[in-house]
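With chain L's structure known, arrange chain A on it following the hints.
Protein sequences, first through last, are from chains L and A.
So for the first sequence, the working numbering puts the first residue at 1; every next one is plus one.
So for the second sequence, the working numbering puts the first residue at 1; every next one is plus one.
Check the hints yourself; a few may be wrong.
Claimed, not checked - If you want a taste of the chain A side facing chain L, the calculated C-beta under 8 angstroms gives, among others:
| hint | residue |
| --- | --- |
| 1 | F65 |
| 2 | T212 |
| 3 | G215 |
| 4 | E331 |
| 5 | F332 |
To be verified - Straight-line Cα separation of at most 20 angstroms, SDA-like style, residue types lysine to any residue; simulated pairs:
| hint | chain 1 | residue 1 | chain 2 | residue 2 |
| --- | --- | --- | --- | --- |
| 6 | L | K93 | A | N55 |
| 7 | L | K40 | L | P318 |
| 8 | A | K298 | L | L211 |
| 9 | L | K88 | A | V330 |
| 10 | L | K240 | A | N198 |
Don't read these hints as lab results, they were simulated from the structure.
None of these values were measured; they are calculated from a predicted model.
Idealized CB from N, CA, C, for every residue including glycine.
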Amino acid sequence: MSTVWKHKDLLAIRPLDPAEIGLIHDTARAFKEVLGRSIKKVPSLRGKTVINLFVEPSTRTRTSFELAAKRLSADVVSIASESSSFKKGETLKDTGLNLQAMNSDIIILRHPAAGAPQFLAERLHAGVINAGDGAHEHPTQALLDTFTILEKFGKHDAPADQKLAGLKIAIVGDIQFSRVARSNIWAMGKLGAEVTLVGPTTLLPEEFRHLGVKISHRIDDVLAEANVIMLLRIQHERQKQQLFPSLGEYISLFGLTHERFKRCRPDVMIMHPGPINRGVEIASELADGLNSVILQQVTNGLAIRMAVLYLLTGGSGPQGVKA
Amino acid sequence: MIPSHLKKLSDAPVESICLHGGRIIDPANKRDEVADLYLHDGKIADPNNLPQGVNWRTIDVSGQFVTPGLIDLHVHLREPGQSAKETIATGTRAAAVGGFTTIVAMPNTTPHADSASTIAWILQRAEETALINVYPTGCISQKMAGELLAPIGSLVKAGVIAITDDGNCVQNNELMRRALEYTKMFDVPIFDHCQDYNLSAGGVINEGYWSTVLGLPGWPAIAEEVIVSRNAMLSELTGGVIHCQHLSSSGSVRIVREARQRGIKISGEVMPHHIALTDGDTEGYNTNFKMNPPLRTKRDQEALLEGLSDGTIEILASDHAPHCEYEKEVEFNYAPFGILGLETELAIFIKALIDPQVLDWSDMLAKLTINPAKLLNLDKGTLTPGKDADVTVINPSLEWTVDKNQFQSLSRNTPFHGWELRGRTTHTIVGGRVVYQS
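Only chain L is shown next, with the shape it has when bound in the complex:
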């Protein structure tokens, strides 16, 4: 029995079931094969219009979506907040309706306010992809992260909700303000992984326990067992909010230093959604080391976003990807 994609939008991981995540992963795997060819383009979205609407700055995600749409032969337009009508006070609703009036098929939205993609999706018949909304979710990031983990550790014959069963994953850093953490908590949990969140009490409130994960405020208790360590970017702004006293203290308590790395499993996978603060959440050399998959994450992101665009515009799954 094969799963089909039945949603107009991709707004969050939380409402997806494991088989739907599996469908996106399987489809991405087919596209990753395409990306390895000398001609990296397929005609799947020919004649479709994709709008990249980024109301918050981004390099990686915006470029990744834009390239993904181009590899699928869509017409793609990218709009950045600095040049958009938001500066003139136009509402998100009106911007969305105007873009839709130009017969756009998909709007990819990055927005500082949680829930903005859902707000837009409820008002448009065009499909909406959440490219990160406030501290809510960043679903394609979690899809590419779990895709990357599955490539190394996945149990490919297991049922959809057991593909990462038994795997111990630590997510370290500013959990409270992280949409990447939230999407990954849901995605990893749905695939059967055992997730432990690690961070200072001020950036990792107790409420996270109710999301089906463990929490810890001592990285040294978690490192030795972890198969995967995902580090999150520490924003300097949090220090101004008095959420921790100094970067130096953060590094000493939570940074993945060389010293700590020695106590990790030899095959530990080190991940970071970027952009990284070298020398803060991770020692610079470790980010470039053999255990790091930081750039593979970026490569896989392209395949994941192709898969999402493809499925949202009616693509039928991996079997439909043109050989």
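Frame of chain L; chain A shown alone:
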């Protein structure tokens, strides 16, 4: 245009009315019986000493409840200055339909109600356009900035019946102390919107499970409780009367309960939404579930119900806060706080308090009539002969569906659209004038 079933107070004649066959519930007099109620010359008439030769208009209200006119001491009428959201005319129409004969208007208008001339303007506007009694409040601080005392004496002389910076909370404890001391001279209470700005900075929903899942900034209950505690301590110090508005958290109920047990002149009020909804209802990011303070947890809701049941909280009100549809139709973070209340308030209270037997009718109506009247030093809220003939007739079993497009309010920001409710006002009578008849 005012619909024909509604009348401006100045257009409605004072009538001699016999409300026949209804169940009279008058909590102030501990009266609950089937009897006729006579209104004459704008006052409640003494049935044992009725004037002779009067041509009574008899209204058959059998099967219905006849109660003192409802009082809502927490309403935003938005006039002057924000008349796209609501006006005194439309807000009092909404109130009349909701069964209210008296409402208290909050001062966060444009300009703020911090001068005698603005109060005079509001009172004149009310006289010209209102359907029911409107009492203004005046600000604690000039421009509600929380820095300098407003001219409280002049405001009282001009006609305010309470002092409040509602919408804002005075953060400066010294200023709040002086305000409480100063108002003691005038027999008016201070109403406080309890919110510590540092603790609640940026918050848009209750801090807890749902703020975590939805990624929305949390507005923790402690930000309210710190100020409720502060108010209890300053009231104890000064002897001033402090009323804590829209209590939302279990901790606030406990603090008010303990303070009252020690004789401190502190009171609290509860809104329909805080006992009918919880923070989980915010899951769809619908901005009609965004209000200040925010919806909280089931546990908080139970504590509010307990506080209402044991008498800790004596007052029910709406925090009727109209906003234009376009203002609310934005990202959750950016939408203004507040929802409509007046036209659904009574039926929501029936659903949340009467149906689950938290309160009986008399106890619930006390919190909507005599209790707010006492806090405001108003000679209203009873059906005692000789008092103002402010009367509400309620059909307690009438089933209806909330349709925001039928609202008298200018705005439509309700979370209750489509709800099936029971109990509705059939007549609203103000000083013997029938201003609303369903």
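Subject >> Violations among the numbered hints >> reply: Structure breaks hints 1, 6.
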